[in-house]
Amino acid sequence: MPRTDVMKQKGLTLVDAINEALEQEMTRDSRVVILGEDVGANGGVFRVTEGLQKIFGKDRVIDTPLAESGIMGTAIGLAMAGMRPIPEIQFDGFLGPAYDQLTNHAARYRTRTRGAITIPLTVRVPVGGGIHAPELHSDSPEAIYAHTPGLKVVMPCTPVDAKGLLTAAIRDPDPVVFFEPKRVYRSFREEVPEEEYTIPIGHAKVVSEGTDLTVVTWGASVFECLAAIDKLPEDVSIELIDLRTIYPIDLDTIVQSVQKTGRCVIVHEAPKTSGFGAEISSLIQEHCFLFLKAPVQRVAGFDTVMPYYKLELDYLPDAKRIAESVTQTLAY
Amino acid sequence: MPRKSVYKAEIEHIQVMDENGVIDAAQSRNTLSDEEILELFKFMQQCRQLDEIAFKLQRSGRMGTYPQNKGQEAAAIGTAYAAKKGQDFLVPCYRENAALFMHGLPMHYVLLHWMGDERGNQIPEGVQQLPLCIPIGTQMLHATGIAWAFKMRKEPKVALTYFGDGATSEGDFHEAMNFASVFQVPLVFICQNNQWAISVPRETQMRSKTVAQKALAYEMPTYQVDGNDLLAVYKIAKECVDRARGGGGPSFIEAVTYRLADHTTADDARRYRDQKEVDSWLGRDPLIRLRKYLETKDLWDETKQKAHEEKCKAIVSEVVKTAEGIEKPSFDDIFDYTFAAINPELERQKRTARTSSLGQDPTQVGLSEQPQPA
Amino acid sequence: MSLQKSANPDEFILPDLGEGVHEAELIKWRVSVGDHVNEHDILAEMETDKALVEVPSPREGVIASLNGKEGEVLKVGIVLVTYQGSGGAAAGSNATPATSAKSQGSHVSATEKEWGIEAPKAGERNAVNGSGAHASAQSDEIEIAERTEDAGTVVGKMGGELAGMSAAPGKALATPAVRRLARDLGVDIDNINGTGIGGRVTEKDVRGASGGGSHVPSRATAAPSKSAPAPARPAPQPAPVSRPAAAPSRPAPGREEVPSKFTPQPSAPSRPAAPAAGSGSENDLRIPFRGVRRTIAQRLRQSINQAVHFTVMDEADVTSLDTLRRKLASASGEKVSFLPFVASAVARVLNQSQFRALNATVEEDPANPAADAFIVQHRSVHLGIATDTETGLMVPVIRDADRLGVLEVSRAIAMTAEMARSRSIPREQLMGSTFTISNVGSHAGRFATPVINYPEVGILAVGRAKDGVVVRNGMIGVGKMLPLSLACDHRVVDGATAALALAEIVKLLQDAEQLLGPARG
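Residue numbers (the working numbering), protein chains in the order written: chain P, 1 to 332; chain Y, 1 to 374; chain Z, 1 to 521.
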């Protein structure tokens with residue numbers, strides 16, 4: 001679909017960028033098919049797949065019955081038979097029924113068959129809180145899938161990153177869980193290259209360079225961190241890293257940064273205990289031990305169920321909490 | 001308004017050859033020729049021999065847990081024979097080895113799987129099947145997806161999937177049936193109803209009087225056959241395969257059979273099964289009726305049987321030798337097949353797996369000082 | 001459940017008869033001693049928690065012994081049955097014994113091969129037969145204990161030194177970064193008064209303690225014989241300010257344990273019994289040999305072990321180069337030493353095809369001399385410039401030095417040296433050199449026998465430029481002489497090539513105008 005005037009003038013939103021990646025990949029490779037609930041005629045409940053069924057037809061943009069395990073399992077079968085399916089799970093909270101197929105089959109088939117049968121699929125899932133949604137529409141389960149050997153886990157938060165990473169994910173020979181931070185689906189626009197491009201999975205992005213402290217984060221929290229950094233005194237120099245890929249983690253970028261700054265704060269929406277920040281903290285401790293000037297801190301969701309939206313903003317790590325943690329870590 | 005009937009259904013049970021090897025002429029169209037019966041009978045014995053030896057391998061510590069297929073060979077062979085080897089695709093659980101062998105899987109692969117070696121799942125190029133599936137009831141969705149791909153690409157291929165009565169309680173079974181029928185994919189669902197799911201009998205597993213009737217909910221042509229009758233199985237399977245190949249969508253076959261052995265070598269069915277029941281099924285063994293039939297046709301006798309038994313023993317002995325002669329897999333295999341290309345952290349773990357610290361450099365000079373992966 | 005096989009094919013070990021079974025009651029023997037059995041014939045009926053099972057024979061053979069009484073409960077893993085004589089059974093139509101021996105053999109050797117370190121032989125560990133079991137079980141324990149010792153998990157054994165939460169008397173609180181600094185400066189952190197929060201020792205405290213010490217970076221003692229790169233930086237022998245009398249004859253508190261955990265060699269060095277009586281121990285300074293210093297030492301060791309060093313030496317008359325250098329310096333307003341000119345000359349020479357052998361690295365596995373190895377000649381010239389920093393020698397790399405003019409090289413050297421010293425140099429810039437230059441010894445001394453920055457194959461040490469006697473046109477005169485020592489790996493570079501290369505460098509330095517521009521456009 002050609003870009004609209006608004007897109008041309010002001011750039012693409014995250015939704016636009018994902019849509020464009022899907023369209024370009026489906027044009028380029030006839031094996032690519034999209035399947036999920038409401039993805040076809042309705043264009044997806046967030047309109048991410050808007051317009052695609054018109055272009056590619058019902059056989060390639062498929063409205064499925066209401067069955068997450070069915071979506072994931074048939075997607076696995078399609079992948080086994082040489083297609084490149086992109087199943088969508090409508091919300092993070094609905095990954096439950098699909099968990100068995102995803103972790104006991106998609107993640108394992110390559111190793112189970114010693115490479116004879118592989119599963120090149122990309123699961124798209126909107127995640128994260130902050131959109132006043134009902135229950136089970138605001139979770140952040142990335143740590144669970146990072147902890148599942150055989151899966152790659154990706155969470156871009158900008159349009160440029162989303163298009164490049166989704167393209168890379170679709171082309172990847174292994175199963176990729178592509179998390180879309182729904183809070184920033186439409187929150188800003190940026191210039192996105194029109195042509196096809198990929199951003200390699202497993203590479204973090206240094207959003208801003210600094211020397212005093214490293215902040216590591218991903219998803220919508222990147223923007224909270226940027227707001228937090230604004231709150232800090234001018235002479236404080238923060239290096240902000242957007243992981244973009246949860247697994248495989250870009251350890252080099254993190255280590256290089258923390259060896260430089262000696263201090264680190266990790267921010268994520270997911271609950272603190274056994275969240276992915278714990279893994280990063282441990283890695284930093286292993287590889288940067290003698291460079292540390294302060295313990296590694298985490299600013300995360302609490303070990304509680306994600307509250308309904310009245311209390312949602314109290315739960316999610318915000319600029320204020322992040323700035324405080326940074327300040328304390330600097331003063332250690 | 002007077003009530004009107006909006007739905008009625010009926011399911012038939014089909015048998016061609018009874019336990020005594022006698023064929024019902026009225027049912028015998030579109031079944032197998034005598035030559036075919038002879039060949040399949042011989043092949044069935046070979047599969048039975050492997051099954052018996054596999055059991056003994058476990059009991060003598062040469063193999064891990066093994067689920068015997070004993071008594072269910074006709075269901076496997078009859079359906080597999082109706083499909084085209086090298087073209088149609090099989091999606092098994094683990095009690096239809098005979099079908100897998102018939103479609104080109106070297107016999108020792110099954111032994112390797114139960115010997116704890118993933119190379120038993122490394123399906124050779126050109127062999128159209130998935131490996132054994134341990135999580136119950138999850139493979140039918142894969143079969144649905146595979147058949148769906150055939151349809152998307154307009155290929156004249158059919159998928160067949162096998163599962164037991166217990167699996168029809170799983171949600172994934174129903175999701176697979178639903179998807180398959182909604183999208184009309186070329187798939188044949190084959191339920192080997194062997195009456196038991198470990199220790200849970202069919203009557204406890206479901207209220208349905210037949211398993212076949214579950215397919216009615218999905219508007220799928222559905223049949224119940226005598227699973228120990230090779231001819232009936234073949235006849236109905238052929239119909240279903242042809243229907244799928246012709247664009248007629250999925251079908252369902254309930255093959256009524258019996259699990260003559262324990263669930264696996266780690267099970268003892270005598271704890272929950274009445275020996276009388278087992279004994280009543282022994283006489284319905286597919287091999288028995290086939291032999292009787294062939295003997296009445298003067299195509300088989302005791303001499304031929306002895307000779308064939310020796311031949312099967314020799315074949316299976318070779319298979320065991322092949323399986324046991326394979327070197328232990330490389331330690332690196334643990335890492336090398338997780339992804340298409342290994343990532344730095346996995347590489348670190350692999351490299352340092354045999355030392356005591358996982359990639360930690362105690363002198364902490366930093367990553368740059370550590371040996372880099374190639 | 002493990003598939004236990006005896007290494008001895010005449011023994012049949014009672015296997016796990018069904019997931020996780022540990023023992024079974026022997027109900028009935030179905031064979032007797034002396035019976036001939038075929039593979040798969042039933043030997044016994046046994047009852048487990050799960051089932052009553054028949055146990056088949058894994059091989060053909062003649063029963064030599066039956067180990068168990070009917071009614072007895074036998075443990076999985078014991079030898080249930082033995083067969084007569086080895087070899088004889090193998091001759092049977094059933095070659096299973098051979099194959100199982102083969103797979104066991106390969107099982108064991110594969111395990112050994114993979115582990116590399118002395119792991120208990122897996123086959124034997126499981127071959128529980130009487131005393132054999134005990135011995136291997138015990139050696140198991142010892143093995144594991146040793147491995148744990150070696151592991152990085154030393155918090156307990158460290159006596160909480162690094163935990164630092166309790167300010168026990170004589171034990172300082174400090175962050176890891178500060179501790180490292182103290183260690184590298186050779187300062188005893190436990191004897192420093194901490195001015196930080198909670199009495200913590202801060203970086204400032206450490207630097208203060210170190211700066212006050214009287215120590216001459218004794219480069220002179222850096223042994224004229226091995227002046228250049230990666231030499232263990234001749235520790236600026238810090239005499240820690242206050243050396244309490246108690247300290248002398250025992251190593252700094254807590255610190256002596258560290259090396260023995262971290263270093264692969266059994267590190268007797270830092271934990272000696274009391275020093276030999278009468279060897280003046282009271283005045284000796286004990287510095288733990290570890291950290292960056294140790295790493296560098298290990299690299300030096302490897303270089304000497306692998307590369308066959310030989311050195312050619314010569315002097316260049318840099319009188320006119322000196323003039324040129326000063327002109328360039330005043331014209332540009334920057335400091336320009338001889339080093340960039342030397343670097344430029346070297347880059348030119350390495351670019352020439354006949355000297356490409358010197359711009360190479362060796363790819364080999366020191367641990368495996370028989371494996372394939374390669375000499376990789378590089379087209380690009382990336383010069384490592386050995387640089388002295390507080391924490392030891394670093395070798396920042398000037399990439400594509402042959403594309404830079406002298407002034408650019410000069411700036412690049414100055415910048416990377418500064419970054420190296422301030423520890424802000426990016427990791428990539430410490431890697432990838434194809435040849436190294438060092439003027440670390442240029443404060444004094446003429447020639448040297450430098451140590452090659454392995455796996456490169458050549459290194460040039462630049463001595464101190466000094467006035468000396470020269471002969472020009474048959475006349476004696478005074479010129480500025482720059483000593484050069486070129487060490488090469490004789491496995492890769494032959495004597496003539498090295499000599500000619502050095503001669504070419506000298507020639508370029510003596511005709512310096514052409515060095516101003518890059519070697520390669």
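FYI, nobody ran anything at the bench for these hints, they're computed from the structure. Please note: incorrect hints may appear among the correct ones.
Pairs of lysine to aspartate or glutamate, DMTMM-like flavour, derived with a Cα cap of 20 Å [unchecked claim]:
1) Y:K151 with P:D252
2) Y:K151 with P:E279
3) Y:K238 with Y:D24
4) Z:K204 with P:D59
5) Y:K321 with Z:D10
6) Z:K507 with Z:D317
7) P:K260 with Z:E428
8) P:K260 with Z:D10
9) P:K58 with Y:E155
10) Y:K350 with P:D252
11) Z:K28 with Y:D268
12) P:K231 with P:E209
13) Y:K306 with Z:D41
14) Y:K350 with Z:D365
15) Y:K84 with Y:E239
16) Y:K350 with P:E279
17) Y:K313 with Z:D41
18) Y:K154 with P:E209
19) Y:K154 with P:D29
Given pair status - D24 (chain Y), K238 (chain Y), alpha carbons within 20 Å | The given pair, whose Cα atoms are some 18 Å apart, holds under the 20 Å limit.
K350 (chain Y) paired with D365 (chain Z) [C-alpha distance capped at 20 Å] | holds (18 Å)
Sort out whether D252 (chain P) lies within 20 Å of K151 (chain Y), counting only the CA atoms.
-> violated (46 Å)
With a cut-off of 20 Å on the C-alpha distance, tell me whether K58 (chain P) and E155 (chain Y) pass.
-> Since the Cα atoms of K58 (chain P) and E155 (chain Y) sit roughly 18 Å apart, the hinted pair holds (cutoff 20 Å).
Under the criterion that the straight-line Cα-Cα distance not exceed 20 Å, is the pair K321 (chain Y), D10 (chain Z) satisfied?
-> This hinted pair holds, its Cα atoms lying about 18 Å apart.
Restraint check for K313 (chain Y) with D41 (chain Z), where alpha carbons must lie at most 20 Å apart | Satisfied, since the Cα-Cα distance of roughly 14 Å is no more than 20 Å.
Straight-line alpha-carbon gap K154 (chain Y) to D29 (chain P), limit 20 Å | Distance of about 17 Å is within 20 Å: holds.
Pairwise hint evaluation, E239 (chain Y) against K84 (chain Y), where the allowed Cα distance is 20 Å at most | Cα-Cα ~13 Å, so holds.
Keeping to a limit of 20 Å between CA atoms, is the pair of K154 (chain Y) and E209 (chain P) held or broken?
-> Violated, at about 54 Å.
Below or equal to 20 Å on CA atoms is what counts here, so check K350 (chain Y) against E279 (chain P).
-> Holds, because 18 Å separates the two Cα atoms, which is no more than 20 Å.
Are the Cα atoms of K306 (chain Y) and D41 (chain Z) separated by 20 Å or less?
-> Since the Cα atoms of K306 (chain Y) and D41 (chain Z) sit roughly 18 Å apart, the hinted pair holds (cutoff 20 Å).
Between K231 (chain P) and E209 (chain P), does the CA-CA distance stay at or below 20 Å?
-> holds (17 Å)
Checked against the numbered hints given earlier, this structure breaks hints 1, 2, 4, 8 and 18; the rest are met.
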